[in-house]
Structures are given as structure tokens and as C-alpha cells.
Amino acid sequence: EAQVTQNPRYLITVTGKKLTVTCSQNMNHEYMSWYRQDPGLGLRQIYYSMNVEVTDKGDVPEGYKVSRKEKRNFPLILESPSPNQTSLYFCASSLYAAVVYEQYFGPGTRLTVT
Amino acid sequence: RKEVEQDPGPFNVPEGATVAFNCTYSNSASQSFFWYRQDCRKEPKLLMSVYSSGNEDGRFTAQLNRASQYISLLIRDSKLSDSATYLCVVRDTGRRALTFGSGTRLQVQP
Numbered sequence: 010e011a012q013v014t015q016n017p018r019y020l021i022t023v024t025g026k027k028l029t030v031t032c033s034q035n036m037n038h039e040y041m042s043w044y045r046q047d048p049g050l051g052l053r054q055i056y057y058s059m060n061v062e063v064t065d066k067g068d069v070p071e072g073y074k075v076s077r078k079e080k081r082n083f084p085l086i087l088e089s090p091s092p093n094q095t096s097l098y099f100c101a102s103s104l105y106a107a108v109v110y111e112q113y114f115g116p117g118t119r120l121t122v123t
Numbered sequence: 375r376k377e378v379e380q381d382p383g384p385f386n387v388p389e390g391a392t393v394a395f396n397c398t399y400s401n402s403a404s405q406s407f408f409w410y411r412q413d414c415r416k417e418p419k420l421l422m423s424v425y426s427s428g429n430e431d432g433r434f435t436a437q438l439n440r441a442s443q444y445i446s447l448l449i450r451d452s453k454l455s456d457s458a459t460y461l462c463v464v465r466d467t468g469r470r471a472l473t474f475g476s477g478t479r480l481q482v483q484p
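Those protein sequence lines, which keep their order, are chains X and V.
Quick note, the numbering used here runs 9 ahead of the 1-based positions in the first sequence.
Quick note, the numbering used here runs 374 ahead of the 1-based positions in the second sequence.
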């Protein structure tokens, strides 16, 4: 089954404790991205990756890091989480950047930073 | 001003009703337009693309008005299963990313 998986689905953590949210897709997609969704603000792109070892900032990259060492995986790293990073996070992938509108989203990770 | 603006709703309509949502966008160079659907606490999914000539998919009709910079989504004969949040999405020329509106919530009632 074609899918994007994220782990964990729910996470409560404390300010400053480094965490990683994993994202994996099994569709051999080149383009992957991370979004956060906050009430009243819609989905905002954090980082994206055009292919292995190629990553770039989205609209709200501050406080986040990513890596793309393998095509299927695109982890999101919060080195020192803060309460304003409490949000719902989605990973997404599409075959190419040109068809980003046909992206598959993961089920989401609800993060709470206290 | 937000790049993509939507009325958050909720729109509460009875089954069988026709309901329409509008969405305005601020960048006149925006190239592509889409409607996504998002069920409560779930991931967004592409509902339909919006073409300049308008397009229809079953009970759903999407239209684009470039002069006024808005797109619309019309749902006919609403079903309970149409209850969801509808996200207006825009892709600007040369950008590899999408800009999402904050969504309009629809609640179809029996």
C-alpha cells in the first residue's frame, strides 16, 4: 500500500529536549516536505527536499532541521523545542516538485511542548 | 494580509442543500489552484484542481475568477459525508511549494 508514515503520532515533551519526528514514504517519490498546521493559519511549509541530499527552507524554518540521506526518509529535528512549536505536523511527498499538488500526506504528528 | 483567505465558517447546512465557498488570493501571479479536503484531525487530501475554464467532478464544481482573484467551490446535494474542512490552495509561478488557506469548515446535518 502506497503511504507516508510518521512517528510518533503524538508527543508531549519539555522545552529544550531534542526530538526527532520520522517520516518515511514507500512510493519512490523525489519531493518531500514538512508542514505545520496551526488554528487560523493553515498549513505552512517548514522545509522541503527535491531529492537525496537536497533540502531547502520553506516559509517557517526557524527552530527546525531536516536531512535527506535516503530517498524514502525525511526526518524533522527540533534541536531545542519551545512552546511556540506546539503544533500539528504533516510530512508529505510527491513524485516530483512539479506535481507537488498531488502530494500524499502522512497521518500527522501532534506535538506539545511544555 | 494573508496570501490566501477563506471564511472559516462553520457552514451548517441540511442534507441535500447546495453550498458554496469562496477563497481569495493576493498574488496576481498565482499559477495553479486547488481544493483540498481535510477531515477532523486527519491529513489533507486533494479534492480537485481548479482550471481557468472551471471544472466539475460529480456534485463538486470549482471555478476560477482571475480578474477578481478568487476561486470557488460549489457542492450540490450535500451528504453527511461531505462534512469536513475545505482548504483553498494556491501555487505561485516559480515556487515549488503550495500556499494553503486556513480552511472553511462544513457541517452537513441530517
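In short, the hints are calculated from the structure, not lab data.
Keep in mind that a hint or two might mislead.
[Said to hold, decoys possible] Straight-line Cα separation of at most 25 Å, SDA-like style, residue types lysine to any residue; simulated pairs:
#1 K416/V - T29/X
#2 K26/X - E88/X
#3 K419/V - E88/X
[Stated by the list, open to error] The calculated label-pair distances, taken between Cβ atoms and stated as ranges, are:
#4 S400/V - G72/X: 44 to 50 Å
#5 E88/X - P388/V: 47 to 53 Å
#6 S427/V - S89/X: 38 to 44 Å
#7 T95/X - N439/V: 44 to 50 Å
#8 I21/X - C414/V: 39 to 45 Å
#9 Y444/V - I86/X: 36 to 42 Å
#10 G25/X - R440/V: 26 to 32 Å
#11 I21/X - S427/V: 33 to 39 Å
#12 I21/X - Q481/V: 27 to 33 Å
#13 L454/V - L50/X: 39 to 45 Å
#14 S427/V - N60/X: 31 to 37 Å
Backbone N, C-alpha and C fix where the C-beta goes; we use that ideal spot for every residue, glycine too.
Hints, verified against the model:
For the suggested pair K416/V and T29/X, the alpha carbons sit about 21 Å apart, so the restraint of at most 25 Å is met. A hinted pair counts as satisfied when its Cα atoms are at most 25 Å apart, and K26/X with E88/X qualifies at roughly 7 Å. For a cut-off of 25 Å, the pair hint linking K419/V to E88/X is broken: about 30 Å separates their Cα positions. Our hint of 44 to 50 Å for S400/V and G72/X is violated, since their Cβ atoms are close to 26 Å apart.
For the pair E88/X and P388/V, the beta carbons lie near 50 Å from each other, so the given range of 47 to 53 Å is met. The hinted range of 38 to 44 Å is not satisfied by S427/V and S89/X, whose Cβ atoms lie roughly 50 Å apart. Here the CB-CB span from T95/X to N439/V is close to 37 Å, at odds with the stated 44 to 50 Å. Range check, I21/X to C414/V: about 21 Å between beta-carbon atoms, so the 39 to 45 Å window is missed.
About 39 Å separates the C-beta atoms of Y444/V and I86/X, a value consistent with the hinted range of 36 to 42 Å. Range check, G25/X to R440/V: Cβ separation about 48 Å, and the 26 to 32 Å hint is violated. Distance hint for I21/X and S427/V: a CB-CB separation of about 49 Å, inconsistent with the stated range 33 to 39 Å. As the Cβ distance of I21/X to Q481/V is approximately 30 Å, the hint placing it in 27 to 33 Å holds.
Distance hint check: the CB atoms of L454/V and L50/X are about 28 Å apart, inconsistent with the given range 39 to 45 Å. Between S427/V and N60/X the C-beta distance comes to about 34 Å, which sits within the given range of 31 to 37 Å.
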